[in-house]
Amino acid sequence: MYQEIVSRWHRKKELVAHNYYLRRIRSSFKHKFGDAEWAHQEMKALLQESEGKVGALVLAERLIQAQEYDTPLAYLKKQLATAERPKQTAQIQYLIACGELAQGNIATARAAIERAVALDAGRSEFYEVLTDCWLEVGNWRNAVDILRKALLSQPRQQELLYQLGLILAKHNEKEDALRCFQGCCALDRRNPYFWEAQGEIHLQLEDIVPACQCYEKAWTFGAEPEALARVAYCYAQMGQRAKGIKYYKRVLKYEPDHYDTLCNLAAVYQNQDRSQEAWELLERAAELQANDPILLNNMAYTLGELGRLRKSIEYYLRALSLRPDHPMILYNYSVCLVKKGDWNEAITILRRLLALDRDHVDGWTLLGNIYDELTNYDTAVDCYNQSLKLA
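If you use my numbering, the sequence shown corresponds to residues 1 to 391, in order.
Hints are computed from structural coordinates only; laboratory data are not their basis. As the structure is a computational prediction, the values presented were derived from the model and not from experiment. Mixed in with the good hints there might be a few duds.
Stated by the list, open to error - Here are the simulated lysine-lysine pairs, BS3-like style, with alpha carbons at most 25 Å apart: (1) K339 - K311; (2) K170 - K149; (3) K87 - K77; (4) K78 - K44; (5) K77 - K44; (6) K174 - K149; (7) K253 - K311; (8) K149 - K87; (9) K340 - K311; (10) K253 - K243.
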């Protein structure tokens with residue numbers, strides 16, 4: 001009895017070792033849950049032995065996705081000679097294109113995917129790869145044309161519409177991008193990425209109310225806390241600071257180290273003359289990015305509001321060591337110097353600022369104020385006149 005059990009076990013082991021279908025299932029399982037390196041080696045062996053068996057194209061696709069190219073591409077090119085059905089040929093050409101594109105062989109990839117599209121024009125992923133080929137050579141207009149032609153015959157393909165919107169948004173075609181994202185939301189109202197993309201375009205167009213509505217829907221449908229941070233920002237921009245604070249605090253509940261939220265909530269507190277609370281948030285932000293010149297500027301400004309002018313100047317100097325030509329930092333630093341009564345250094349800094357930006361109205365006004373304090377009235381008047389011309 002024992003010998004029979006052992007014999008059956010050995011036969012079963014031998015069956016698994018030699019049965020193509022069982023090996024394919026096992027390699028797929030290992031690929032997903034276990035030893036990926038072993039799975040890839042087994043998949044390569046199976047491809048070399050398969051000769052067009054069912055599921056071989058899936059193995060080739062998985063290897064390409066795992067950045068293994070030589071074996072699957074050799075297999076796919078061999079299969080082209082024997083493929084009989086147009087859709088099968090199209091799938092093979094598509095996989096070849098994916099492999100060649102991943103290796104940077106753009107012309108070869110484009111030729112393959114164009115043949116795939118000619119054989120089977122109904123596959124949205126084919127157009128995505130063809131679009132990527134044009135984008136890789138920097139021809140975004142051709143990529144847009146490809147997607148628009150595809151959408152004429154497949155108007156409900158939300159993946160293509162979303163990709164088109166992303167390309168248009170990247171190249172500052174905001175109105176067209178917005179229409180694309182609105183179409184995506186109409187096709188799938190529960191996709192948070194579509195609502196976030198639409199909200200971002202509204203924000204860039206300074207349409208704060210619809211932007212806020214879009215980000216709220218994105219959060220409702222499962223977006224990351226970043227969407228909630230955008231909701232908070234929108235409420236703050238609309239002057240509804242209490243709501244903005246409420247949402248910023250919710251973001252920090254989910255992500256205590258959310259850098260933008262720490263900085264933005266500090267700005268809201270600062271606008272409400274809650275400088276100490278603002279400072280505490282900025283200190284937390286500095287633990288995350290100590291060399292951000294804008295953060296250092298904000299910390300310096302808050303210290304100035306707290307009456308700590310000497311420390312404020314230290315932070316301004318740190319900020320300027322990172323961004324010596326930043327107009328906002330230069331102006332804020334000059335204001336701090338004026339508060340401290342260091343007129344000459346303030347004039348030097350303002351002259352640097354105005355050399356960079358001749359149209360800086362506040363810079364001319366502050367410079368006029370300093371010369372007025374120094375009883376240099378003629379120069380003060382010249383500064384004020386320059387300011388009035390620009391106002």
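Numbers of the earlier hints that this structure fails to satisfy, in rising order: 7
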